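Student: The residues making up each chain are set out below.
Protein chains: 2
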Amino acid sequence: MEFDLIERIRRHTEVHRDDVIEGIGDDAAIVAVPAGRELAIAIDTLVEGVHFPPGTSPADIGWKALAVNLSDLAAMGATPAWALLALTTPGGDEAFFDGLARGFAELATPYRLALIGGDTTRGPLTVTVAVHGFTTPGEALLRSGARVGDVVMVTGTLGDAAAGLRCLAEADASPYAALVDRLNRPTPRVSAGQALRGIATACIDISDGLVADLGHICTASGVGIDIEAPLLPRSSALLTHFVEADALDFALGGGDDYELCFTVPADRAGELSSTMARLGCGATRVGRVVEGSGVRVLDEHGGVYEPSRTGWNHFAA
Amino acid sequence: MEFDLIERIRRHTEVHRDDVIEGIGDDAAIVAVPAGRELAIAIDTLVEGVHFPPGTSPADIGWKALAVNLSDLAAMGATPAWALLALTTPGGDEAFFDGLARGFAELATPYRLALIGGDTTRGPLTVTVAVHGFTTPGEALLRSGARVGDVVMVTGTLGDAAAGLRCLAEADASPYAALVDRLNRPTPRVSAGQALRGIATACIDISDGLVADLGHICTASGVGIDIEAPLLPRSSALLTHFVEADALDFALGGGDDYELCFTVPADRAGELSSTMARLGCGATRVGRVVEGSGVRVLDEHGGVYEPSRTGWNHFAA
Numbered sequence: 001m002e003f004d005l006i007e008r009i010r011r012h013t014e015v016h017r018d019d020v021i022e023g024i025g026d027d028a029a030i031v032a033v034p035a036g037r038e039l040a041i042a043i044d045t046l047v048e049g050v051h052f053p054p055g056t057s058p059a060d061i062g063w064k065a066l067a068v069n070l071s072d073l074a075a076m077g078a079t080p081a082w083a084l085l086a087l088t089t090p091g092g093d094e095a096f097f098d099g100l101a102r103g104f105a106e107l108a109t110p111y112r113l114a115l116i117g118g119d120t121t122r123g124p125l126t127v128t129v130a131v132h133g134f135t136t137p138g139e140a141l142l143r144s145g146a147r148v149g150d151v152v153m154v155t156g157t158l159g160d161a162a163a164g165l166r167c168l169a170e171a172d173a174s175p176y177a178a179l180v181d182r183l184n185r186p187t188p189r190v191s192a193g194q195a196l197r198g199i200a201t202a203c204i205d206i207s208d209g210l211v212a213d214l215g216h217i218c219t220a221s222g223v224g225i226d227i228e229a230p231l232l233p234r235s236s237a238l239l240t241h242f243v244e245a246d247a248l249d250f251a252l253g254g255g256d257d258y259e260l261c262f263t264v265p266a267d268r269a270g271e272l273s274s275t276m277a278r279l280g281c282g283a284t285r286v287g288r289v290v291e292g293s294g295v296r297v298l299d300e301h302g303g304v305y306e307p308s309r310t311g312w313n314h315f316a317a
Numbered sequence: 001m002e003f004d005l006i007e008r009i010r011r012h013t014e015v016h017r018d019d020v021i022e023g024i025g026d027d028a029a030i031v032a033v034p035a036g037r038e039l040a041i042a043i044d045t046l047v048e049g050v051h052f053p054p055g056t057s058p059a060d061i062g063w064k065a066l067a068v069n070l071s072d073l074a075a076m077g078a079t080p081a082w083a084l085l086a087l088t089t090p091g092g093d094e095a096f097f098d099g100l101a102r103g104f105a106e107l108a109t110p111y112r113l114a115l116i117g118g119d120t121t122r123g124p125l126t127v128t129v130a131v132h133g134f135t136t137p138g139e140a141l142l143r144s145g146a147r148v149g150d151v152v153m154v155t156g157t158l159g160d161a162a163a164g165l166r167c168l169a170e171a172d173a174s175p176y177a178a179l180v181d182r183l184n185r186p187t188p189r190v191s192a193g194q195a196l197r198g199i200a201t202a203c204i205d206i207s208d209g210l211v212a213d214l215g216h217i218c219t220a221s222g223v224g225i226d227i228e229a230p231l232l233p234r235s236s237a238l239l240t241h242f243v244e245a246d247a248l249d250f251a252l253g254g255g256d257d258y259e260l261c262f263t264v265p266a267d268r269a270g271e272l273s274s275t276m277a278r279l280g281c282g283a284t285r286v287g288r289v290v291e292g293s294g295v296r297v298l299d300e301h302g303g304v305y306e307p308s309r310t311g312w313n314h315f316a317a
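Sequence lines, in order, name chains A and B. Start counting the first sequence at 1; every next residue gets the next number (UniProt numbering). Start counting the second sequence at 1; every next residue gets the next number (UniProt numbering).
These aren't lab readings, by the way, just hints derived from the structure by calculation. Treat the numbers as computed from the prediction; the structure is a model and nothing was measured. Treat the hints with caution; some may be incorrect.
To be verified - Computed footprint of chain A on chain B, listed as stretches where at least three residues anywhere in the stretch have a Cβ under 8 Å from a Cβ of chain A:
no., stretch
1, 35 to 45
2, 101 to 113
3, 120 to 130
4, 226 to 239
Claimed, not checked - Simulated restraints, written as ranges between beta carbons of each label pair:
no., chain 1, residue 1, chain 2, residue 2, range
5, B, PRO54, A, PRO53, 45 to 55 Å
6, B, GLY302, A, GLU7, 33 to 43 Å
7, A, SER144, B, ARG11, 17 to 27 Å
8, B, SER273, A, GLU94, 55 to 65 Å
Even glycine gets a Cβ: it sits at the ideal position worked out from N, Cα and C.
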């Protein structure tokens, strides 16, 4: 049974890569890393009822399980290459597996990402994906390089996914489809991450929320960060359906956006804005790196704003 | 919270490796594969109540989650290097995490295996490990190279783990500690797998049961395999506590043994027996590769024996 399921997913995601010596079907895959490249590796699990609501379509689950991992590669500036998928499900329903495979393949295909291994087990619904991508020695984007005076920027818009989750509680969520779609089908900023190599001084993807994730950059870099709340990029969908205070809290602490947040020397910020606009996601200056520690959020008067949420805590949720 | 837990496990498993450029603590790990080596990658999940009984000690869970993955590397003849651990648990109990970390580290340390990444999520207890090991181009042990006339051999003894699982149902399992230990603390045959490089024509590890796993070699190699039931190596613990018919069924179909089963040209079998004896696990000739398809089990009179179990099916279990 195990091989049938993984085999089904493989068929949806078939891609030929010279660096895959042995793909699915043996005890392990055998792959070759190109000369002169290093390997970025990440693993992330989605649990039903924690990372996606019960009732999420299998295609959305397949997409999101890969997206959150590709987002980790994006935050390193890595080029995606291979993935493994470990799926635990209560049963073997055919439509579920086909749906999950389709969603996974939809996102994998444009990146020529090869599924090289997997495991299927019986149990409560959880999906774990491990991804591998290539980096050039010394060019990976770390969390530890932010310097006082750097500008802080984010791609895309913030808060939509958390707002989408809130909207799912409504009897009819269809007016909020744009927000729900951002929750279920996050776009990993892979090209944006690659464009940051050699320019950004630190980078992270926003999974737990802007303030929480910037906190990791502060800790790793030994700096503080001041965010200017009025600068935060928010979508028209978010601002249409939510009052300003909620929209701001979602943007600061909602999480699940999978945008990139990065620091960059002030004299490179303009060039990056243009690059990111060409890539379709855009990038907005939201703050700056300062001496000290931790993240402060400043309101339009320069006073300190206290967000009501500071990020998801999976064990406290 | 996520980082605290993985960080705790990392402390138990700390090992310095020059090929780990960035370990735990960023969005992805960065590693370097040595020049001239390829990478073997496997992933496997253990689910509470499916792959280990409720009540299994956290240390045993940590050990086994790594062991079943190292066994996949062993079956390829690969040298272990790095692992990632994705843990889903209902809560954040400190003793549980310390126990799991200790069990994982006990097995990882002798191999100098580095934990380079992970994820902790809230949900029903499941443990997914992804492992990476090195192979030399062209030397990985595949399932597809068995040739008619080859001898079929297995390391160690068969059936103990399945017998151990049966014993756990007893009110007092202490007389069966040797069998239960084989269930909870399987020994991946890493050195044995490395010794098979360039000699074995096909290899697989026994996770689903001897007959089921040899069936994969038959399919991949386009051959049949005849097993001689009287030759199957069984431990004295198994033969002491179970009647012959049960002991034979456990050995043929019980699964969870994590011994290696391999095919080898007849003129290399003696040499391999000596090598495996030196490595401490031993290896026993149990059958031969024949024309045809599928696995036949022959009794002491050369008649076909029908085992009552042919391997675990995780979805039917």
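Student: Now tell me, hint by hint, if it's right for this structure.
Tutor: Here is how each hint holds up against the structure:
1. 35 to 45: With 9 residues in contact (Cβ-Cβ under 8 Å with chain A), the coverage given for the stretch 35 to 45 of chain B holds.
2. 101 to 113: Result for this restraint: violated, n = 0.
3. 120 to 130: Answer holds; 8 residues pass the 8 Å Cβ test.
4. 226 to 239: Violated - the stretch 226 to 239 of chain B has 0 residues with a Cβ nearer than 8 Å to chain A, which falls short of three.
5. PRO54(B) to PRO53(A): 45 to 55 Å: Since PRO54(B) and PRO53(A) have Cβ atoms about 27 Å apart, the given range 45 to 55 Å is violated.
6. GLY302(B) to GLU7(A): 33 to 43 Å: Holds, at about 36 Å.
7. SER144(A) to ARG11(B): 17 to 27 Å: 20 Å, holds
8. SER273(B) to GLU94(A): 55 to 65 Å: 46 Å, violated
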